[in-house]
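Novice: Count the sequence shown with the working numbering and you get residues 12 to 91, in order.
Watch out, some of these pointers could steer you wrong.
Restraint-style ranges between C-beta atoms, simulated for each label pair [stated by the list, open to error]:
#	residue 1	residue 2	range
1	Asn-74	Pro-16	17 to 27 Å
2	Pro-44	Gly-89	29 to 39 Å
3	Thr-43	Asn-74	30 to 40 Å
Calculated directly from the structure, the hints in this document are not laboratory data. Ideal Cβ positions, reconstructed from N, Cα and C, are used throughout, including at glycine.
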Amino acid sequence: ARCGPLGGLYSVALQMPDGPAWVVPVDTPRLTPRLLQQLRDAQSGRCTIYDGHPLPMLFNVDNESRTVLESMIHDPLGPR
């Protein structure tokens with residue numbers, strides 16, 4: 012299947028307990044713990060992102076978010 016990073020996020024979400032999870036690209040050497048703390052403290056919804064960019068992201072993993080990820084994966088024209 013053509014799942015890409017979305018498939019990776021979904022497979023991790025299936026294995027972890029409900030709760031917040033950081034989604035951070037590996038190629039962000041200047042990402043500091045302080046910035047992550049600011050994102051954590053600003054959390055006000057199901058997902059908190061930085062300045063309109065999708066990553067880094069503080070993502071709330073629960074059954075609803077797993078269902079959304081699954082539907083995105085099964086959409087042949089959906090994001091990957």
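Novice: Look at the Cβ atoms of Thr-43 and Asn-74 and judge whether their distance stays inside 30 to 40 Å.
Specialist: holds (32 Å)
Novice: Please test the hint of 29 to 39 Å on the beta carbon pair from Pro-44 and Gly-89.
Specialist: holds (33 Å)
Novice: Please check whether Asn-74 and Pro-16 have a Cβ separation lying inside 17 to 27 Å.
Specialist: Given about 21 Å between the Cβ atoms, the range holds.
In the structure shown, no violation is registered for any of the earlier numbered hints.
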